[in-house]
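Trainee: Take these sequences, add in the hints, and give me the full structure.
Number of protein chains: 2
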Amino acid sequence: MDINQHNRFNNTPLKDKEKYMRLALKEARKAELINEVPVGAVIVKDGKVIARGYNVKEKKKDSIYHAEIVALQKACKKIGDWRLNDCDIFVTMEPCPMCTGALINARIGNIFFGAYDERAGCCGTMYDLPADSRFNHRPNVEGGILEDECAGILIEYFRRKRQEIKDKKQKSQ
Amino acid sequence: MDINQHNRFNNTPLKDKEKYMRLALKEARKAELINEVPVGAVIVKDGKVIARGYNVKEKKKDSIYHAEIVALQKACKKIGDWRLNDCDIFVTMEPCPMCTGALINARIGNIFFGAYDERAGCCGTMYDLPADSRFNHRPNVEGGILEDECAGILIEYFRRKRQEIKDKKQKSQ
Numbered sequence: 112m113d114i115n116q117h118n119r120f121n122n123t124p125l126k127d128k129e130k131y132m133r134l135a136l137k138e139a140r141k142a143e144l145i146n147e148v149p150v151g152a153v154i155v156k157d158g159k160v161i162a163r164g165y166n167v168k169e170k171k172k173d174s175i176y177h178a179e180i181v182a183l184q185k186a187c188k189k190i191g192d193w194r195l196n197d198c199d200i201f202v203t204m205e206p207c208p209m210c211t212g213a214l215i216n217a218r219i220g221n222i223f224f225g226a227y228d229e230r231a232g233c234c235g236t237m238y239d240l241p242a243d244s245r246f247n248h249r250p251n252v253e254g255g256i257l258e259d260e261c262a263g264i265l266i267e268y269f270r271r272k273r274q275e276i277k278d279k280k281q282k283s284q
Numbered sequence: 112m113d114i115n116q117h118n119r120f121n122n123t124p125l126k127d128k129e130k131y132m133r134l135a136l137k138e139a140r141k142a143e144l145i146n147e148v149p150v151g152a153v154i155v156k157d158g159k160v161i162a163r164g165y166n167v168k169e170k171k172k173d174s175i176y177h178a179e180i181v182a183l184q185k186a187c188k189k190i191g192d193w194r195l196n197d198c199d200i201f202v203t204m205e206p207c208p209m210c211t212g213a214l215i216n217a218r219i220g221n222i223f224f225g226a227y228d229e230r231a232g233c234c235g236t237m238y239d240l241p242a243d244s245r246f247n248h249r250p251n252v253e254g255g256i257l258e259d260e261c262a263g264i265l266i267e268y269f270r271r272k273r274q275e276i277k278d279k280k281q282k283s284q
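Same order as they appear, the protein sequences are chains L and E.
Reading the first sequence from the start, the letters are residues 112 to 284 in the numbering used here.
Reading the second sequence from the start, the letters are residues 112 to 284 in the numbering used here.
No lab work stands behind these hints, which were simulated from the structure alone.
One should not assume that every hint holds.
Because identical chains cannot be distinguished in the list, a pair is counted as satisfied if it fits within a single copy or across any two copies.
Here are the simulated lysine-lysine pairs, DSS-like style, with alpha carbons at most 25 angstroms apart [what the hints assert, rightly or not]:
#1 Lys-171 x Lys-185
#2 Lys-189 x Lys-159
#3 Lys-188 x Lys-141
#4 Lys-156 x Lys-141
#5 Lys-170 x Lys-185
Mentor: Given below as structure tokens:
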């Protein structure tokens with residue numbers, strides 16, 4: 112593993128990271144529109160967005176389809192390889208164990224995320240799998256990019272969901 | 112979470128577990144035939160195999176396609192739901208972080224595996240993610256079923272791969 116590759120973004124202006132995270136947020140809003148947990152992701156190679164994805168777990172009736180996996184699969188198709196060493200992912204919520212593992216397996220360069228996830232985050236919150244040098248590959252991680260916006264749409268989504276359940280209960284009484 | 116559901120297999124005769132693991136081994140051999148790391152999996156519901164899968168990562172040029180994910184996706188399609196609470200997976204090698212996370216997300220009942228994986232195993236060896244009560248769901252795990260056969264085809268595969276590389280080097284000298 113080339114440790115240096117993981118610092119590529121250290122000199123990248125914050126405005127560029129925010130630009131890509133804004134595109135990921137745009138994806139998250141597409142998930143929100145179809146009543147899915149609003150998480151979105153984009154994958155960037157050489158400054159270009161090569162894949163986009165949003166959570167479609169309920170729509171597809173398949174829990175694999177988190178935003179990261181949807182974007183990963185599109186990126187692999189686009190470049191014709193399962194190795195994504197020269198790619199970075201921007202995702203609005205901290206990846207879960209499945210998605211963190213998938214990003215390690217795909218040898219992604221950098222993981223940038225927005226909101227921290229206390230319930231399943233494996234890029235520093237619950238576990239820090241990308242930092243574990245026993246794995247074949249160790250992506251760099253940076254969290255908290257546009258954190259307020261990324262967390263905001265999630266908070267709003269779950270608030271609305273709770274209200275819907277409350278309303279339903281009141282109607283059935 | 113219903114803790115009791117995780118002990119469904121405690122009274123199951125070993126011969127039944129071995130029967131399903133043998134079917135998973137059959138899948139692993141299909142991977143071997145196409146020169147993929149030989150790992151296979153089957154998913155069982157109410158005593159019936161509802162999905163089978165083997166590693167096709169190189170063939171599909173997509174690192175998502177471990178045996179477990181292939182089987183998981185087929186099972187979800189078959190039962191029309193992302194929730195696999197009443198299902199169990201039999202896989203020839205201990206699941207990696209991606210696959211363990213996917214099985215937790217899919218709320219699978221039991222994870223039975225054959226060979227332990229010192230390099231990436233997340234069902235007890237490197238991490239024990241299914242035992243972490245902070246996650247939404249906690250599958251039961253049992254490893255070491257037909258361990259010798261399951262590890263054997265992996266050892267043989269990697270031995271052959273190393274020999275191929277050696278032969279290639281000698282030819283080019």
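Trainee: For Lys-171 and Lys-185, with the copy left unspecified, which applies at a CA distance of at most 25 angstroms: within, between, both, or neither?
Mentor: Both, since 16 angstroms and 12 angstroms are each at most 25 angstroms.
Trainee: Should Lys-189 paired with Lys-159 be assigned to within, between, both, or neither, using CA atoms and 25 angstroms as the limit?
Mentor: Within one copy only: 12 angstroms inside a chain, 38 angstroms across chains, cut-off 25 angstroms.
Trainee: At 25 angstroms max between alpha carbons, let me know whether Lys-170 reaches Lys-185 within a copy, between copies, both or neither.
Mentor: Answer is both: 18 angstroms inside a copy and 16 angstroms across each meet the 25 angstroms cutoff.
Trainee: If the cutoff is 25 angstroms on CA atoms, where do Lys-188 and Lys-141 land: within, between, both or neither? Let me know, please.
Mentor: Answer is both: 22 angstroms inside a copy and 24 angstroms across each meet the 25 angstroms cutoff.
Trainee: For Lys-156 vs Lys-141, is the C-alpha pair at or below 25 angstroms within one copy, between two copies, both, or neither?
Mentor: Classified as within: same-chain Cα gap 23 angstroms, cross-chain 34 angstroms, threshold 25 angstroms.
Violation of the numbered hints given earlier is absent; every hint is satisfied by the structure.
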